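Chains as they are written, first to last, in numbering that gives the first Met the number 0: chain A, 0 to 333; chain B, 0 to 406; chain C, 0 to 539.
It should be emphasised that the hints constitute simulated quantities derived from the structure, not laboratory data.
Derived SDA-like pairs: lysine to any residue, alpha-carbon spacing no greater than 25 angstroms straight-line:
1) 113/A / 40/B
2) 55/C / 17/A
3) 438/C / 286/A
4) 156/C / 194/C
No experiment lies behind these values; they were computed from the predicted model shown.
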Amino acid sequence: MKNTQANPKGIYTISNRLGDQANRAVQASEDRPNSLTSGHRACQGCGEALGARIVVDAALRAAKGQIIVVNATGCLEVFSTPYPETAWQTAWVHSLFGNAPAVATGVAAAMEVKGRGNVRVLAQGGDGSTTDIGFGCLSGMFERNDDVLYVCYDNQAYMNTGVQRSSATPPTARTATTPPVGSEPGNVFGTGKNVPLIAMAHQIPYVATATVADVQDLEAKVFKAMSMRGARYLHVLVPCPLGWGSPPRETINLARLAVQCGLFPLFEAENGTVTRATKIRQPVPVENYLKPQRRFAHLFKGGKPVDDRLARMQEMADANISRFNLLGHEETCK
Amino acid sequence: MLKQVEGSHAVAEAVALCRPEVICAYPITPQTHIVEGLGELVKAGHIKDCKYINVESEFAALSVAIGSSAAGARSYTATSSQGLLFMAEAVYNASGLGLPIVMTLGNRAIGAPLNIWNDHSDAMSLRDAGWIQLFAENNQEAIDLHIQAFRIAEDISCPVMVCVDGFILTHAVEQVDVPDQKQVDAYLPAFVPAVVLDPKAPASVGALVGPEAFTEVRYLDHKKQLRAFDAIDRASTAFKSVFGREAGGFIRSYHTKDAETVIVAMGSVIGTLKDMIDEKRKQGHKIGLVSICTFRPFPTAEVGAALKDAKHVIVLEKSLASGQGGVLAAHVRAGLHEAIPLTTLIAGLGGRPIPKNALSEFVEKIGIPSSDELHFLDLKQDIVDGELKKTEEERNARLRNGAARGR
Amino acid sequence: MKPFATVLEVGTSLNNHTGSWRTERPSYAHRLPPCNNACPAGENIQEWLSLAEQEKYEEAWREIVKNNPFPAIMGRVCYHPCENACNRVTIESPVGINSVERFLGDKAIRDKWAFDRPAAKSGKKVLVIGAGPAGLSAAYHLARLGHKVTVKESLKKAGGMLRYGIPQYRLPRKILDAEIKRIVDYGVELEVNKKVTNLAEVVESKAFDAVFLSVGAHIAKLTEFPTSPRSRVLDAVAVLRDMENREKPKLGKRVVVYGGGNTAMDVARTAKRLGAKEVTIVYRRTREKMPAHSFEIDEALQEGIKIKFLVTIKKYQNKKLTLGKMALDAKGYPQPTGKNETMETDCIVLALGQDSDLALLEKFPGLEIADGALKVDSRMMTSHAGVFAGGDMIPFERTATTGVGHGKKAARSIDAWLRKVEQPATEKHPLATAERLNKWYYAEVSENKRKLIDIAHRTKTFDEVQLGLSEAEALNESRRCLSCGNCFECDNCYGVCPDNAIRKLGAGKGFKIDYDYCKGCGLCAAECPCGCIEMTPEDI
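If we strip away everything but chain A, and leave its shape as in the complex, we get:
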């Protein structure tokens, strides 16, 4: 990056006092909505709490405050609304674990028939509710192209119930139901579900992946999604210190490493076609991402890989890099 008019200081921070003040990140503005306010009971360094505030704040800004949030059961719901305290500062509803997309469809339908199309609907849930139990409702919402932005905060396991495997858990990861024992310790290779790609297969207007490590990128994707109507899907990687076995202060760094190593590609797709993939800026081997996490500790012994599983993880990253052209120079990829 050069010093440019948009970013005169040539930095990747959330804001920049020299930049265009009107276009600064929502998270950098003094009057940001703080949709998920202080006092919630998320763990220290919770990626999901951070991701949710960034997303809902941006959506609120985009919709001029006219947002109704539908939340699936999970950590986010539990830590934000234990009676008698809610941390939400927006219209918000929680129904069940598996029905957030359908409830959101209902809310959107109500707004439509009442002639309040300016009120926008945002549904959100963790990877368990999104990729597993609520997947049927999600797919239904997609194929009907209901006017809902669905956001999955992916921390790669059922954290609320004590770190059990979900279909978003990566191979080799230790969870309470994929213990690091036996001939293939941790979660097994060849499993899992790539919901962003499945979402694309529904030909919905917009699909994107993002992480909490890049606030501007995440916000830009929310704004883009909010500029469209119909079913939109945003998949946000949110590291979980508890489930990943990482220090709370590492949450953002791990999200960053997940992207830079290629295991979590950042891309956008419109109507089923990838329109943009974010290039890796500082490539790192998967080892740099995996090693600081205790859920992958069994891959290493004395700092060295135990067997070929690390190499297989690297192959997965390399496959992403090649599929999305993450190291190439062209702006878009096919």
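Dock chains B and C against chain A, hints included.
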């Protein structure tokens, strides 16, 4: 307006007159014709400002209705049997959130074995889910109860399930009086939700509630059901004044004044029972009938009062709590003086016909027993006896094999 | 009525003070940037760069001159230890601090910016002896503090080594004159051609309340080797001083310079510009050991100057120079090999270092002098109360910037001494080291380098070799500053706190941590690009 129509279509027309704003449709026999009818009415523009959504499951159907109702739209869906069970979690959720959704249940048996025909197992399975449950005796009442259901639901912010016997009512073509829009508009006020999702007045709906407040939440749910009696009463009284006919309410008594034997039942079997009672009365039998219209909240006091002079009560019901007996019977028993013997008669399971003659014979045969009994109408005793014998023999053989292998 | 418990009013979680979870406490620190730490003049470089990057050039200049009245001069002649210390080198290359300083200094001259009004008159009089960088700096700072200052200079013009030691191609005299004039205009009385020969007289006269000595080091060190009567052996100090005369020194076609310091480079390059065809620097050790700055050596080589390493002068007779060859011993020290080589040259210029002329102190007993340098205490005061000293005459690194720093420090000490107050101990913040940076957030941005004029032009004229930055270049260069150890309001901490526990106070006001809610996760500290947030354990 008098019309000769299929029950399902009559229900669809009644729902349409209630100006629903969101209708969630998923096919399951025997309620399918209702949502088909509504789909056509919406698509043809006969229902204004209404969103008709073809969803991917019953779970989604009720979930969509939860969302739309919470956002302040009058919401409706319909289901049956397995569909009700598939949405069970959402059924509890809708009432927990106090959402005045109206749902038609085209009553049908629950599998396995798969069975698409009528009984009340589905309704009974979710009787404690916090919904008001109304049972229609005929298609006219099915129409009338739906119109009342929206009023009751929105009166006290509680979902209402209108139970209509599958096939017997849903697929029967009868003459019905379909009210006109003006009448329904006069009867059913616009929906003013008690709690609504609105960015202008944001609230968090559906919090996590711990032990410190959960008992109170449930107590209040119970109180709401008890308050529903008044709402149901108001709805049915007002209905009579607007439409000029009776419908709904808690129970209805038929020749109970001097009756020694009183039959208790609900749903479409009432018609058959009335015919049978008319015949019996001509023959001099002191027999009467109490029909239950409101199953939830259960009008225990009213039932008890209606039965207090009976010498024998027969509860005819289309559901069976395996290992216990009759579900309705247990409810009736709770309101009944303990000296009055109660016979539970399980009938019509999985669509088995309930012939008037068989009922008549049963009443004749049982007389007035000295204590509670459980009977199955028209049970093929030889088949079940043979099956029980075979099962026992096979079990013994398996045990012998297992014992031999164990050595 | 809202249903009990299942429906909640917004934002009520604010009743739950999660700050009690904290085991570590973040706080905003002010760390000492390495540039500031390295600056001999004590400039707050980070601060003026931050003003410059906001295009507040005049404010930036005013920030510089709080510490250094010579931005245009130092933006040319300072060897910028700041850049050597700059943490940006761990990303790609240091911030070109010196070139931004020059831009600001030149702009100040062009736009005729004047210093801030001095403090109220103190009524005290101070004499400064010697108008070099240390003396002028002291005079300026004393004037700024409200004192009446007289500067006595033995030479024709003020500037000291800036004028009589640094060639014009490195420091154009109009720049030097402009920045000296600004000090004179500030009310400092400058008396040239006024050599003070006896300090005792001055002190006893009680005409001044304090004295600052800064006579510099203008006596060339010499060495002995056999010569013949017609062999011309000159010293670099004299050659460079004579360059300021109308009559320029005549060195001949072939010149040998003996020495390896910056003065050797200066005199060699001057000889080239005076028309010498062949200029050779003779140095007894290797390039690695040369005290001259690498870029000066490079520029000399570019201009066609030759350097002979590992040789000493044995004798110089009849234009024939005999050089003794050296070789490095096992420990890396040069040792004679006994082998010689010869070359012809028209003259030899010795550039072997300088000594101070301390004759004025001779009749002033009690001053501590060691190895030809005057000793001072931490306040820059000699062993005689009220007599202070700085610059090249005290034992310290001899650079112009060091002199400026001495002048400032002495001025502040003199001020405190005159007002009879204790100088407040200045607390030094811990250093902002490169490991504390989160470098992810800084993009690679290449340095905006100053261009040099072409070689042909360089070797024939005394025009300034190095050009200044354009405004756009200076702006971009200032924006390369990482702001090590001090918040520059990037909003990272504010944006990444999962608990909204950071309050943004508004532009220029920074942030405040709300310890009622801060859980102490440390994300703010981890994601702070410049490492200005510290985590400290809570007392539990």
